[in-house]
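K.L.:
For reference, the chains in residue letters:
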Amino acid sequence: MNAPLPTRRDESWRYADLKALEPVWAKLTGPEQITVPAGETVSRQIAELPVIDGVGMIDLDVTIGDKATFILHVLAHNADYGRIQVRATLGNGSHFELGGAILGAGKQTLEIVTETIHAEPNATSNQVVRSVLADTATGSFLGRINVARHAQKTDAAQSVKSMLLDRGATANAKPELEIFADDVKCAHGATVGELDKQALFYMASRGIDPVTAKKLMLQAFIADAFVSVDDDAVRDAIEGKALEVLEGLS
Amino acid sequence: MTISTGVTYRLKNFELKRNQMLKIENLHATVGDTEILKGLSLEINAGEIHAIMGPNGAGKSTLAYALGGRPGYDVTAGSVTFTPLPLAGGAGGGQTSDEAPPLTPPASGRGTDLLALDPHERAAAGIFLGFQYPVEIPGVSNLQFLRESLNAQRLARGEEALSGAEFIKLAKEKAALLKMDMDMLKRAVNVGFSGGEKKRNEMVQMGILNPKLAILDETDSGLDIDALRTVGSGINAIMRKPDKAVLLITHYQRLLDEVKPDFVHVLAAGRIVKTGGPELALQLEEEGYEAIAEAA
Ligand SMILES: Nc1ncnc2c1ncn2[C@@H]1O[C@H](COP(=O)(O)OP(=O)(O)OP(=O)(O)O)[C@@H](O)[C@H]1O
Ligand SMILES: [Mg+2]
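Chains as they are written, first to last, in my numbering: chain F, 1 to 250; chain U, 1001 to 1296.
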């Protein structure tokens, strides 16, 4: 990467593990450019990050044409420091869909950082991120939404929920809205919680052992991130991978 | 407090010596720092239905939770011995025990120390807890939940898991018994269910899991008049069996008109203070708890 190493002063890097990033920074390449032609649909699933020296980075710069759709599903798990960074620029009447799960344990720092640019009117975006964090892992979602002055009828939604399995785990959720148009819908919801103890006992009272009960609840929790996968086989594959990772979390 | 043991009953073609299923002795339990159960004793034989009534805050739900092993409900003294009759055959699970159950009385000393088991092991041993406030589990469907539950119990007992088709057949049968729409069973566990629907769902679960001992905590509260009848006849159909027993916690005579108890106990201030037959419930209805607790 030619650009200088980011600093924490840069809002979108405030939760990043810069110490881990520094030694590999030069080996990273710039963002991958993706263009979705007008009227078309492109889907991408990322179940593993490409990792160099413990750092996994995905950097996408997506231009979504008029009435086109870009659908991205990601799983952030396999890196000491993992970052999925997406910049999506939406054309007239287009749609950007993001479903992401952050599954962290140990000392992992994992983040999904999006910049959604509603540059033209009538476009919609929907981002659903679910994090499950064990031990002292940190999971963050930073979602910036820009709505240009003439981008009327924009509908941009974000739903971010985190589940902390241990006291030392940290979840950050940070929406950032810059809206210059007036006829705009921006729904944002963020929650942080723990496994529901009452539900765990309820399940136990029916004969389900604690490990299975936990698994069922976590599986249900992250499923929200993948409901938007059209293809059943693809959804099963990425959910299956997520489940495999979940089983490894303490 | 001891209740008739050793009575001989004539039953279909069997001569059955009543079998003690649950023996609670001097149970003390605390919630937080407060002692709620203060030396509660109770014995339940197979084939019996026991009602527990008592004022709000007496410790009825605490008893149910302590028997179920809920974390935070700490048993500080006393014992609970659970001695279910051996389970009828292996295959075709969730089967009712309509056919002749194996009525061999358990060898003495065969009882399980219930308090030593984890909650899920208590369920597999044959205990079912009907919750006063059934819990919602977002994102987990009733059918998935029940199939996991039933198969976990069956595997724990060394029985084979039910196939998807076998399970659906069983679920349909029990849902019909409780007049519950199958579509409800496809929804997430109790999420968005009305109070009455949750209670009815508890009974569908009981039907599918087919326990030996059901502890039903105010299953009647929140039910409309028709639902109360349905639930009452459901309890009779599922649990009125020579090898099963029910501990029915209730505030109302109306459920007891449907599910006729063999014994009625009054629980006040953490103990059983009075035991009688069905007439005791009527007397309570007339006179209230205070008079009876004082006379005891
Ligand atoms: N988590 C708790 N912390 C402190 N006290 C508790 C807790 N749970 C229950 N208690 C107390 O224990 C006592 C017994 O409660 P319990 O729920 O067993 O009563 P109950 O007989 O079931 O009453 P009801 O008829 O109202 O259902 C009550 O005084 C209640 O306030
Ligand atoms: Mg109660």
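By construction, these hints were calculated from the structure, which means they are not laboratory data.
Keep in mind that the hints are not guaranteed to be accurate.
[To be verified] Once the Cα atoms are required to be at most 25 Å apart in a straight line, the calculated DSS-like pairs of lysine-lysine come out as: (1) F:LYS107 / F:LYS214; (2) U:LYS1198 / F:LYS214; (3) U:LYS1186 / F:LYS214; (4) F:LYS185 / F:LYS197; (5) F:LYS19 / F:LYS174; (6) U:LYS1198 / U:LYS1169; (7) U:LYS1198 / U:LYS1179; (8) U:LYS1260 / U:LYS1198; (9) F:LYS67 / F:LYS153; (10) U:LYS1169 / F:LYS197; (11) U:LYS1186 / F:LYS197; (12) U:LYS1186 / F:LYS215; (13) F:LYS153 / F:LYS185; (14) U:LYS1198 / F:LYS215; (15) F:LYS185 / F:LYS107.
[Stated by the list, open to error] A few chain U residues that face chain F, going by a derived Cβ cut-off under 8 Å, partial list only: (16) PRO1071; (17) LEU1129; (18) LEU1209.
A virtual CB, placed ideally from N, CA and C, is assigned to each residue, including glycine.
K.L.:
Next, verify each hint and record whether it holds.
P.N.:
Hints and how they fare:
no.: 1; hint: F:LYS107 / F:LYS214; verdict: 21 Å, holds
no.: 2; hint: U:LYS1198 / F:LYS214; verdict: 22 Å, holds
no.: 3; hint: U:LYS1186 / F:LYS214; verdict: 20 Å, holds
no.: 4; hint: F:LYS185 / F:LYS197; verdict: 36 Å, violated
no.: 5; hint: F:LYS19 / F:LYS174; verdict: 22 Å, holds
no.: 6; hint: U:LYS1198 / U:LYS1169; verdict: 21 Å, holds
no.: 7; hint: U:LYS1198 / U:LYS1179; verdict: 13 Å, holds
no.: 8; hint: U:LYS1260 / U:LYS1198; verdict: 23 Å, holds
no.: 9; hint: F:LYS67 / F:LYS153; verdict: 14 Å, holds
no.: 10; hint: U:LYS1169 / F:LYS197; verdict: 31 Å, violated
no.: 11; hint: U:LYS1186 / F:LYS197; verdict: 23 Å, holds
no.: 12; hint: U:LYS1186 / F:LYS215; verdict: 19 Å, holds
no.: 13; hint: F:LYS153 / F:LYS185; verdict: 7 Å, holds
no.: 14; hint: U:LYS1198 / F:LYS215; verdict: 24 Å, holds
no.: 15; hint: F:LYS185 / F:LYS107; verdict: 37 Å, violated
no.: 16; hint: PRO1071; verdict: 7 Å, holds
no.: 17; hint: LEU1129; verdict: 5 Å, holds
no.: 18; hint: LEU1209; verdict: 7 Å, holds
Hint check: violations occur at hints 4, 10, 15; the rest are consistent with the structure.
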